[in-house]
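Student: Each chain, written out:
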Amino acid sequence: MDIFGKSITQLRELIKDKKLSKQEVWEYFAKRSTKYNKKLNAYVTLLDKTQKGSDPYLGFSGIPLAIKDNFCTKGVRTTASSKVLDDFVPSYESTVTAKLKAEGYELLGKTNMDAWAHGSSTETSDYGPTKNPWDIVRAPGGSSGGTAAAVSAYLVPGGIGSETAGSIRQPASWCGVVGLKPTYGRVSRYGVIAMGSSFDCPGPMTTTIEDAALLLGIIAGKDQYDATSTSNEVPNYRKLLHEKKVFTIGVPKEYMKNLEKDVYKRVTESIDILQKMGHTIKEVSLLNPSYSISVYTILQRAEVSSNLGRYDGIRYGNNRSFFGQEAKRRIMLGTYTLSHGYYDAFYKKAQKIKTLIINDLKRVFADVDLIAAPPTPMTALKLGEFEKYPFFGETMDVLNEAAAVAGTPAISIPCGLDSKGLPVGLQFMGNYFDEENILNLSYQFEQETNFFDVIKLGREKYI
Amino acid sequence: MPKKIDLTKEDVLHIAKLANLPISEENIAKYQKDLSETLKYVENLDELDISNVQPTSHSTNLENIYFKDGMKNSRQFSQEEATRNAKNTKNGQFVVKRLML
Amino acid sequence: MNYESYIINRLNNMNKYTPVIGLEIHVELKTKSKMFCQCDADFFDKKPNSNTCPVCLGMPGALPVPNRTAVEWAIKIGQALGCSINKQSKFDRKHYFYPDLPKAYQISQYDEPLAEHGQVILTPSPRGKNPVINKRMDPSVTPQDDKSKIFRITRVHLEEDTGKLTHTGKDTLVDFNRSGVPLVEIVTEPDFDNSVDVKIFLEELHTIIRYLDVSDANMEEGSMRLEPNISLRKTLNPKSEIRNNIKIPNNKQKFELPNYKVEVKNINSFNFAKRAIEYEIKRQAKILDKGETPAQETRGYDDKKGVTFSQRSKEEAQDYRYFPEPDIPPMVFSDEEIESIRKTLPELPHEKLARFMKEYRLKYADAFILTRNIQTALYFESICADTALEQIEVPDKSTSSQQLVANVMVNKRIPTRLPQEEFLQKLIKLYKPVEVDEEKLTQVIDHVIAQHPTQVAQYKGGKMGLIGFFIGQVMKEMKGKADPKTVRKKIHESLDI
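Chains as they are written, first to last, in the numbering used here: chain Y, 1 to 463; chain B, 1001 to 1101; chain C, 2001 to 2497.
One thing to keep in mind: the hints can contain errors.
[Claimed, not checked] Reference listing, derived: stretches of chain Y covered by chain B, where coverage requires no fewer than 3 residues with Cβ under 8 angstroms from a Cβ of chain B:
1. 147-157
2. 291-301
3. 306-314
4. 347-357
By construction, these hints were calculated from the structure, which means they are not laboratory data. Every residue gets a Cβ at the ideal spot worked out from N, C-alpha and C, and that includes glycine.
Produce the complete structure using the sequences and hints provided.
Tutor: This is the structure:
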């Protein structure tokens, strides 16, 4: 049975029908991951079941997934790609990975990321950058670059990333895979190494929409250990994919500016396709995204400066001299904006503009069901280019920050290639807890276009 | 207090102290530049009218989330689990250099 | 002004300066679980760091969820101190670096505490009535008495405790078993101007909190902690200045607050608090006399040496960088909820004391002692309600049986740890009317009358007072085994023929 290219959903069926064994599946992906990791550096830690007693996952429980290295996995090294946590092995499990384990998925490896999730290229990792499988002199995006690369090169059939602002959508678009950021509060943050407490969202990164719906259905839901997780009922996302829905889709004119030529082209072509499919396209107006950059920069860095205070090397890990430049920079800015006398001028002001951004989105969603836009203004940059910007991450994520700040859900799906042969992403944004419609429209698009074979082409580079 | 955009060396050293971050002499200038650039950018927020706007802390609109006193502790560490990741322990306690009081 | 504080004032020659003292008190709640996790709040005698979990150890990815009971109990404390409860409240992060603070921030409350603007009114008892009373304040006297003092409670809020540090040799050891235990912080306005009032206030606060059964509030054990802020101001007019009087409370007086304050830590008992404050007042007065200003700082108290000593300079005030806790949604309380918590308050010590004085006609001193502990007060009332009490006969007609019970309990003539039945049995034994052998009594009376013809003649001649003589003689012969009332009656019967 040829495994190459099968989705999680397909593999589950095959295992259930005993056409494949869990061991076969594990070994297949473990082999591929080991083989290509030297080239791509997608993983910080790869589990090795051949060594006796080397990991706590006894036997083969199911389909292997790649998990971003900011999820605490019991008994398995967790570093957030920072030397501060170089030797940290948690004795507790994040809720997300516990839920996946309970549903019969297993951990293949912990994927590389921007250290502490600070970045949009996975270049601030203390373990070297991950390479974009489409062109290894380029960055995969970030901060979930490792997961995106692993899924793109089919080293695993799917994985979990996290997004604070853009960290799932942007690498998904640069690596040509599916990446979903759920509503803030939809998925528990317990056990996820905190970056921006008000924004962090764990989410699936997959090769098909059905897989994204499948994984979301497993990880979503209220968690007693996370006071910010909501009790909203978890719909049957997979079932709802097949409903024949017609949407009114808003395209914000502010989001169609300052784009690379090919990004603009592919996105507008895709929107035309949506229209031909029967959906209504409407031009809408959203607050200038540059304000979201400022709001997000202030609020996120303030929370980062607070969340990284606990890393002092006393109870675990190494001391604060092990922090990288980017982490220190963000901690410093955050500390400054919270310091005596500046709280009103920065943090409180940003919280007020957050209100404006939320109201702005609410206003638009009163008129449209979903919003379509590019997820990033450009395709994958070359490694090293990020050094030009002091707040590179935030600038790269300009088209992601509104949803991040508001806490609304959004997805990035492939919609073609640019003239350099690099993937271009298409983004759908939805209202609070409207993942089902985001996935529905994405599924329709996938059925119609098969994402222009982007995902297929991506993994075929790694046959 | 009026905002400061161009940070001085003393500002940077003060922030580093507050943040408990070791920074080397060579890097101070770079931090000055980086931080000042970022602060300059976020000034664009002054363009917006927020005179009657309330700050939003939580986008979820959740309220009153608690746990019940006395419920089972499923996450309890043993002494070994609690101290296993520390580099310096003594008799089950974490060790730091003696504090000057 | 309270007699004792007046004396202290004179002794210290403080007419020039008036102390300005505010209190910051922390009370450890005795909930079952910690404030933000399910670890045991009772950390006593546990192996170091064995009473921890990812949350209270500040591990990566751990998140706080608040303990509902801790919130309710903090509100209760606020209500018992006369505060209004904020319908909107929240937690905030308070940042500083110290090894006993695992997250490098404490989850506390900043600008929306659970309770604010309360007060405790303490009233000195009338001078001269009873030397014992002069040392205490009588909270039952109504505020119409112009000697009452109001001590304003600024706020009551909820936060988490830190780990414990042990300094040994070249190291400091850290144990996080206590980290995350719920703490209620009570802050007063700087309404205190002497050490005696502070001690009495603390004792009253301790009693109130014990009544609520939310904490052991024990200073020696660390479940109640005090940090006074002390400074001195110039007395405006030493001869006529009225200090902290209920008719002109502090917030309406116009005096200049000093431009410094000294915080004192490491005070482990009510007495230490009094001594530490007295020492500080003297120390600061000396500095001010020289024309200098005492340094704004934190000082520790060493009771062995009887001094405070400098710990760290508060000159550069800590920048805590407060911001709202993003991991915990806000708390919103309805009027109904707040009212339903208030309904669970027991009768407070000063209310019970007033009622005991009124209902049982107890003297202040006895009522005070009986109400220091709610169990004792309940026990007293239970005894008083017991019908078996009717069996006793109080020797002094001006005393009621309840007053007698109070007296017996206060003087510990019978241990009050006994089960109620046993207590009553012992009481009855002490005060049961004596069984009279009627026949023997008649014999003895006749005998006494026969033995003292002179006195009989005098009595019959008009000296009615001699009845006491005869009673005495009869009681002597009866060896006390007679009821004086009956004896008197029978003698009258015999003599008044």
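Student: If a hint holds in the structure, say so; if it does not, say that too.
Tutor: For each hint, the structure was consulted:
1. Check result for the region 147-157 of chain Y against chain B: violated, 0 residues qualifying (beta carbon to beta carbon below 8 angstroms, three or more required).
2. For the region 291-301 of chain Y, the proposed coverage by chain B is satisfied: 6 residues have a C-beta within less than 8 angstroms of a C-beta in that chain, meeting the threshold of three.
3. Counting residues of the region 306-314 of chain Y whose beta carbon lies closer than 8 angstroms to any beta carbon of chain B gives 4, which meets the minimum of three for the stated coverage.
4. Against chain B, the region 347-357 of chain Y contributes 9 residues with a C-beta closer than 8 angstroms to a partner C-beta. That satisfies the three-residue criterion, and the hint holds.
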